Amino acid sequence: MITELGLFLAALALIASLAQAGFGLYGGHKGDARASAASAACAQVAAFGTVAALALLIAAFIRSDFSLAVVANNSHTDKPLLYKIAGAWGNHEGSMLLWCTVSAVFGALFASTPGKLAPSLWSRAIGVQGAVTAGALIYTLFLSSPFARLVPAPLQGASLNPLLQDPALAMHPPMLYLGYVGLSMPYSIAIAGLIEGKVDQAWARAARPWILIAWICLTIGIAAGSYWAYYELGWGGWWFWDPVENASFMPWLSACALLHSAVVTERRGSLAGWTILLAIIGFGFALLGTFLVRSGVLTSVHAFAVDPQRGYAVLTLFVLALGVGFGLYAWRAPQLSRPSGFVAFSREGALVLNNLGLSVACATVLIGTLYPLLAQAMGAGLISVGPPFFNLTFAPLMALTLIALPFGPLLAWRRGDMKAALHTLWLAGAGAAGAALGVLLLTTKGISTALGLALGAWLLIGSGAYLWRRIRQARGVALPLAVWAMSAAHLGLGVFVIGAVSETSFRQERSALMAPGDVVDFAGEKIKLAEVGSHRGPNYTAEFGRFESAGNVMTAERRFYPASQQTTSEVAIRPSLGGDLYIALGDRTKDAGTWTVRLYRNPLIELIYLGCAMMALGGGLALLRLARRRETAPAPEAAPAPRPATASL
Amino acid sequence: MSRRSRRLTIIGVAGALLALAASLVLAGLRDSIVYFYPPTELAAKAKPGQRVKIGGLVEAGSISHDSSGALLFKVTDNRTSTAVRYTGVVPDLFKETKGVIAEGVYQPGAVFEADSVLAKHDENYMPKEVVEALKKRGEWRPDAGPGAGKGPGS
Chain G
1 MITELGLFLA ALALIASLAQ AGFGLYGGHK GDARASAASA ACAQVAAFGT
51 VAALALLIAA FIRSDFSLAV VANNSHTDKP LLYKIAGAWG NHEGSMLLWC
101 TVSAVFGALF ASTPGKLAPS LWSRAIGVQG AVTAGALIYT LFLSSPFARL
151 VPAPLQGASL NPLLQDPALA MHPPMLYLGY VGLSMPYSIA IAGLIEGKVD
201 QAWARAARPW ILIAWICLTI GIAAGSYWAY YELGWGGWWF WDPVENASFM
251 PWLSACALLH SAVVTERRGS LAGWTILLAI IGFGFALLGT FLVRSGVLTS
301 VHAFAVDPQR GYAVLTLFVL ALGVGFGLYA WRAPQLSRPS GFVAFSREGA
351 LVLNNLGLSV ACATVLIGTL YPLLAQAMGA GLISVGPPFF NLTFAPLMAL
401 TLIALPFGPL LAWRRGDMKA ALHTLWLAGA GAAGAALGVL LLTTKGISTA
451 LGLALGAWLL IGSGAYLWRR IRQARGVALP LAVWAMSAAH LGLGVFVIGA
501 VSETSFRQER SALMAPGDVV DFAGEKIKLA EVGSHRGPNY TAEFGRFESA
551 GNVMTAERRF YPASQQTTSE VAIRPSLGGD LYIALGDRTK DAGTWTVRLY
601 RNPLIELIYL GCAMMALGGG LALLRLARRR ETAPAPEAAP APRPATASL
Chain E
1 MSRRSRRLTI IGVAGALLAL AASLVLAGLR DSIVYFYPPT ELAAKAKPGQ
51 RVKIGGLVEA GSISHDSSGA LLFKVTDNRT STAVRYTGVV PDLFKETKGV
101 IAEGVYQPGA VFEADSVLAK HDENYMPKEV VEALKKRGEW RPDAGPGAGK
151 GPGS
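Those protein sequence lines, which keep their order, are chains G and E.
Last residue of the first sequence: number 649 in the numbering used here, and the count goes up by one each step with no gaps.
Last residue of the second sequence: number 154 in the numbering used here, and the count goes up by one each step with no gaps.
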């Protein structure tokens with residue numbers, strides 16, 4: 001019964017979102033306020049329908065209703081509650097329903113906060129978002145319905161892949177989806193702006209909060225996924241340039257570029273065409289990500305659905321969304337360009353450089369991700385493009401962009417003072433040189449490590465110098481929130497770069513065969529395998545190894561999940577700033593009573609996640625600022641209040 | 001700066017960045033891509049010293065450890081099999097008769113020294129490359145199910 005109700009609610013949401021699309025576009029076109037209001041009401045209904053349908057699906061997972069195919073295939077009665085709930089989106093059908101839900105809820109939120117937006121733009125954006133939701137719902141209901149029955153219902157389910165039974169991964173897909181689908185809102189506003197033929201500062205002001213939300217969620221989602229890979233997969237690494245990782249990284253890069261170009265559009269009215277293009281491309285990457293993950297065309301750890309028909313359907317949505325976007329863009333772009341004066345060394349100049357760098361770097365990731373497909377299609381054999389390619393292409397291009405970063409905040413709009421900026425950054429330059437020399441003189445590492453750490457120091461000290469200068473200039477007056485937001489994000493990036501370079505360059509690893517009582521020397525420590533034993537968990541049996549080192553006891557496990565006949569590693573991690581000690585227990589050798597043990601020391605890896613958290617915090621502060629400004633904003637007709645030139649993110 | 005010269009500056013910088021990116025990408029695609037071969041094609045197609053991935057199934061009964069603790073096993077496409085040596089912890093789902101991909105430098109006549117081993121991630125998984133290779137050899141049994149998913153080993 002619950003199932004039928006869920007299906008009914010999802011169908012209701014589909015009808016509502018179709019009506020939302022029709023009313024919204026019509027209301028915007030005719031200037032009919034009643035049609036626009038009807039569209040907003042439909043957006044609420046669609047949001048209600050999808051949220052309720054998702055809640056019913058989660059209820060089916062909690063109750064282990066195996067008459068639902070998706071529950072039977074992905075759940076199990078002895079699974080802990082959290083993973084029963086997470087199981088609802090830990091599979092293809094449920095995750096698509098989540099996609100629709102996020103899209104509908106964002107549409108409803110946008111509809112209920114018209115703010116100062118021109119009514120026609122507001123109405124059209126709701127309409128386009130309705131079309132996006134409807135497209136996703138059609139796909140979900142007709143090609144991958146989570147409410148399909150399984151007859152006869154099995155007594156027990158097949159369980160969720162145990163690798164995915166993890167708190168970080170319970171959070172990873174919803175955050176990533178919030179980010180992916182969050183990019184649909186800037187897309188809808190961009191399409192609405194193109195239909196209007198007017199993309200101005202008010203347009204950018206409407207789009208910015210949604211870009212920020214998407215970017216923050218992508219940042220957290222990607223970091224959570226990376227953290228999961230670090231401690232759950234037992235390979236000691238945190239980023240593998242895996243196609244599906246790339247599929248989430250490309251939307252992040254384009255959202256990051258969009259975030260910055262939208263600031264230029266809002267403050268200066270320029271770059272409007274480029275900002276629109278980025279909004280379309282950003283959503284394109286989000287759909288491409290969905291397509292790559294769902295179609296199984298790429299070999300990857302996360303790609304769990306393999307169904308060409310579904311792949312084609314997502315591809316159709318992708319082509320449709322991009323086709324409409326680019327078509328409208330080609331039609332309207334000539335109207336969008338506006339003359340605006342600025343010189344190369346100015347805030348605008350720095351942000352243009354930021355956008356060029358991010359876009360080109362993103363393009364190399366795209367090429368690296370799709371090249372194996374292309375090569376196979378051209379009959380060039382089966383190949384794979386791995387980390388060496390991305391280290392050679394993405395890393396230097398991104399590094400070039402990051403060198404320019406500390407200048408951006410220090411340069412004023414229109415005409416920046418490069419000399420003053422250089423004067424402020426002397427300490428950062430000295431710090432970078434010191435870091436590089438330190439690496440070359442004190443360690444055995446080469447020039448790339450030296451340059452990487454120098455870049456990290458440059459970013460960190462350079463962004464710190466800017467913040468310090470602002471604090472000094474403010475003379476005790478509270479700094480604008482925007483300065484804190486930008487500084488948190490930029491400092492976070494510096495922290496991230498230091499962590500990433502240190503971990504990659506200074507990681508130590510070794511594997512050993514150990515019997516209980518054996519001691520190995522590793523990274524200046526004596527590590528003893530004290531004992532090996534076994535115990536039972538809620539839905540698994542585990543073999544554990546207890547390791548001792550300098551008075552610390554660490555336990556690494558290998559878990560066997562009978563329901564899915566799978567083994568997973570639970571690595572032992574002793575976090576410390578000098579370097580995480582990371583131990584994974586491997587197989588028992590057949591004959592002797594020894595186990596393969598893999599040991600890693602990962603220096604400063606915490607900085608990677610701290611950096612991501614700081615970037616997300618910066619995004620959150622910027623969002624808070626936009627929300628506050630909305631409350632205190634002048635009436636729609638009033639000209640935007642002049643703000644201090646350096647106060648914007 | 002006039003509007004025209006500003007445009008030229010932007011186009012110049014963009015052009016330089018694109019040229020740099022294009023040359024890096026071409027260099028990367030020439031040097032750092034890795035070809036995939038099933039054991040039967042390995043000797044014929046791979047050059048000595050070339051970095052390759054080999055893939056197939058882990059041959060039944062072929063897993064053992066040598067005295068230094070390194071793992072020895074054979075990758076088979078049910079025609080030819082290649083002996084592989086690997087030091088380190090294999091992915092959790094590395095099992096006999098299941099799909100596997102090993103990456104390393106090919107040396108003719110020697111045991112294949114793998115520096116990473118990828119295995120399947122769930123019961124239905126077989127590396128896509130392995131499926132393609134087995135299909136080509138006529139050894140493909142769809143009941144094993146073509147999943148997707150790789151475990152990048154380090």
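Careful: at least some of the hints might be erroneous.
Unchecked claim - If you anchor each label on the Cβ, the simulated ranges turn out as follows:
id, chain 1, residue 1, chain 2, residue 2, range
1, G, G379, E, D115, 25 to 35 Å
2, G, P154, E, S67, 39 to 49 Å
3, E, L20, G, S576, 51 to 61 Å
4, G, A523, E, R4, 55 to 65 Å
5, G, T541, E, A19, 53 to 63 Å
6, E, K45, G, W413, 13 to 23 Å
7, G, D417, E, A19, 53 to 63 Å
As the list claims (entries may be wrong) - Chain G regions said to be covered by chain E (calculated; three or more residues, Cβ under 8 Å):
id, region
8, 260-274
9, 349-356
10, 359-368
In case anyone wonders, no lab produced these hints; they're calculated from the structure.
Please read these numbers as outputs of a predicted model, since none were measured by experiment.
All residues carry an ideal CB built from backbone N, CA and C; glycine is no exception.
Hint numbers not upheld by this structure, sorted from lowest to highest: 3, 6, 7 and 8
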